[in-house]
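Enquirer: Listed here are the chains, written in short residue letters.
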Amino acid sequence: MTDNYNPYSLVGKTILVTGAGSGIGRATAIEASRLGGRIILVDINEAGIVETKGMLDGQELEHLYYVVDLCDESAIDAMVKELPVINGCSNNAGITKLTPIQFITAEEMERIHKVNLIAPMLLTKYLLKRKKLSRPASIVFTASAGGVFVASPGNAVYATSKCGVDGYMRTAALELAPKGIRCNSVNPGMVETPLINRGQVTAEQHEKDKENYPLGRYGKPEDVALATIYLLSDASSWMTGTALKIDGGLTLK
Amino acid sequence: MKNPFSLQGKTVLITGAAGGIGSETAKILTELGARVILTDIREEPLNLVLESLVPPSEGSHLAIKADLTNEEDINNLVVACPNIDGLVCNAGVMKLTPVPFISETELKRIQSINLNAPILLTKSLLRKKKIQKGGSIVFTASAAGVYRVSIGNSIYATTKCGIDAFMRTVALEMGPKGIRCNSVNPGMVETALIGSFTEEEKEKEKLNYPLRRFAKPEDIAYGIAYLLSDASSFVTGTALKIDGGMTLG
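Just so you know, the protein sequences line up as chains A and B, in that order. What the first sequence shows, in this note's numbering, is residues -16 to 236, in sequence order. What the second sequence shows, in this note's numbering, is residues 380 to 628, in sequence order.
None of these hints come from the bench; they were simulated from the model. Note that this is a predicted model, so its numbers are computed, not measured. Just to be clear, a hint being listed does not mean it is correct.
Simulated pairs of lysine to any residue, SDA-like, Cα-Cα distance not exceeding 25 Å [stated by the list, open to error]:
hint: 1; chain 1: B; residue 1: 512; chain 2: A; residue 2: 195
hint: 2; chain 1: A; residue 1: 162; chain 2: B; residue 2: 593
hint: 3; chain 1: B; residue 1: 556; chain 2: B; residue 2: 571
hint: 4; chain 1: B; residue 1: 509; chain 2: B; residue 2: 454
hint: 5; chain 1: B; residue 1: 595; chain 2: A; residue 2: -13
hint: 6; chain 1: A; residue 1: 36; chain 2: B; residue 2: 382
hint: 7; chain 1: B; residue 1: 585; chain 2: B; residue 2: 537
Where chain A lies over chain B, by a calculated footprint (3+ residues, C-beta under 8 Å) [claimed, not checked]:
hint: 8; stretch: 399 to 412
hint: 9; stretch: 554 to 565
hint: 10; stretch: 601 to 615
Listed next, the stretches of chain B that the computed footprint assigns to chain A, with coverage defined by at least 3 CB atoms under 8 Å from CB atoms of chain A [what the hints assert, rightly or not]:
hint: 11; stretch: 586 to 596
hint: 12; stretch: 621 to 627
All C-beta atoms, glycine included, are put in the ideal place defined by N, C-alpha and C.
Model the full assembly from the supplied sequences, consistent with the hints where possible.
Expert: Spelled out as structure tokens, the structure:
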């Protein structure tokens, strides 16, 4: 083996990760730093991102963090104004809440759509407008198998937001390809993160749900993080507009 | 720190390894630390590929000539093959034929190489328990057929759709045994397979690709390496589209 050979390396790249205070975002930030990237952490939860920052490799690269409410357009723009030029962006911040359709409220729907769908669209817009994306660059969206490949009861609001991300990702891929900016998504099944909400779903229900996964388990944040890294790296330089399903076989039957 | 995409300690069987995506995959997998077993019907170029590889840290790479349209050759290959952690079913052929000109001979030949051979090889390796737990199977399918059709390409497209269905079924059946199965689905790649197009046709065709180029074999090989590595250990039943954005518009 060629010792330092790694086509998935992020050495020399600056990568912005939203939702970096926990779960998949934290794992993505950590793995990306291990692969040599300089990381810019974004989250609304300051304690979470400070903790993530302490867990990163390559502290000499002076990783940055921004505490930002991504539902606030002016806050997004203010952050982008301060950013250095970046080579990759993992749009990962997301929220979910299970609600049967007859109980959906406009307020709840707007909150979820704002974080999951509108925020990544606005962040991408301002990154482009303020010329903060290098060429080439890679944008990765954390979409979901939910909505895009499979429906599940109570998940309508989340599913529509992720289908929106899917439609946006493919449109952005098409529009931005001439600029050398690639757009792809990772589409996980259930991942063991704070988002899977032990409050609404019991541990027993989760164990039963795992039987729907041919691989017999849920994903780990690292599973999604490493796929994101593949899409951020030059190893995927001919990939754009692809939804990468990471679901342990959930959607096969 | 260990590279999460490393293939150190893994043995991988690659079909169609004498050229194109197959030989590039052999090069990249070995550089990521894998030991490889190469097979192809073309013995001389196969041996040249074998000689060009960096040696593995343990054991040695092997090249085994086989005609995968011949079940006896498949069986001999499986017997000669050590236990493996990865299988790359990559051998494939293509010939453009408008529908009214399809002949049964041509249909059978292309299906035999692109579809029947990977099915029978996978079956035989599983039957003989040559694929270890935690193993990963990767098929070189295509964007053609699975995501897009193009004029004259019906036979190739049907074989690749067949592979897509087989890949998903194997993923479902073998998931509980800890064996994953996925495909890479490339658009046009600069290999001998597209030799039947004129330069002019190729330049015109590139305009259909938002990234304005065809793939290099390595673009596909990196996808294969990702799917073979433990970095993708929750990925099974996935068709990984690598197409320069061709299927978007």
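Enquirer: Compare the distance between the alpha carbons of residue 509 (chain B) and residue 454 (chain B) with 25 Å, and conclude whether the hinted pair is satisfied.
Expert: 12 Å, holds
Enquirer: Has the given pair, residue 36 (chain A) with residue 382 (chain B), been kept, meaning a C-alpha gap of at most 25 Å?
Expert: 21 Å, holds
Enquirer: Need the status of pair residue 162 (chain A), residue 593 (chain B): alpha-carbon distance at most 25 Å?
Expert: Roughly 17 Å separates the two Cα atoms, so the pair holds.
Enquirer: How does the stretch 554 to 565 of chain B fare against chain A when you require at least three residues with a CB closer than 8 Å, holds or violated?
Expert: It holds: at least three residues are needed, and the stretch 554 to 565 of chain B offers 4 whose Cβ sits within less than 8 Å of chain A.
Enquirer: Take the stretch 621 to 627 of chain B, compare each residue's beta carbon with every beta carbon of chain A, and decide whether three or more fall closer than 8 Å.
Expert: As far as the stretch 621 to 627 of chain B goes, the hint holds, because 6 residues have Cβ atoms under 8 Å from chain A.
Enquirer: For a C-alpha distance cap of 25 Å, please report whether residue 585 (chain B) and residue 537 (chain B) respect it.
Expert: 23 Å, holds
Enquirer: Check the hint pairing residue 512 (chain B) with residue 195 (chain A) against an upper bound of 25 Å on the C-alpha distance.
Expert: 20 Å, holds
Enquirer: Does the stretch 586 to 596 of chain B contain three or more residues whose Cβ lies closer than 8 Å to a Cβ of chain A?
Expert: Result for this restraint: holds, n = 6.
Enquirer: At least three residues with a C-beta closer than 8 Å to a C-beta of chain A: is that true for the stretch 601 to 615 of chain B?
Expert: holds (count 10)
Enquirer: Closer than 8 Å Cβ to Cβ for three or more residues is the test here. Does the stretch 399 to 412 of chain B pass it with chain A?
Expert: holds (count 5)
Enquirer: Is residue 595 (chain B) within 25 Å of residue -13 (chain A), Cα to Cα?
Expert: Cα-Cα ~22 Å, so holds.
Enquirer: Quickly compare the C-alpha distance for residue 556 (chain B) and residue 571 (chain B) to 25 Å and report which way the hint goes.
Expert: 37 Å, violated
Checked against the numbered hints above, the structure breaks only hint 3 and satisfies the rest.
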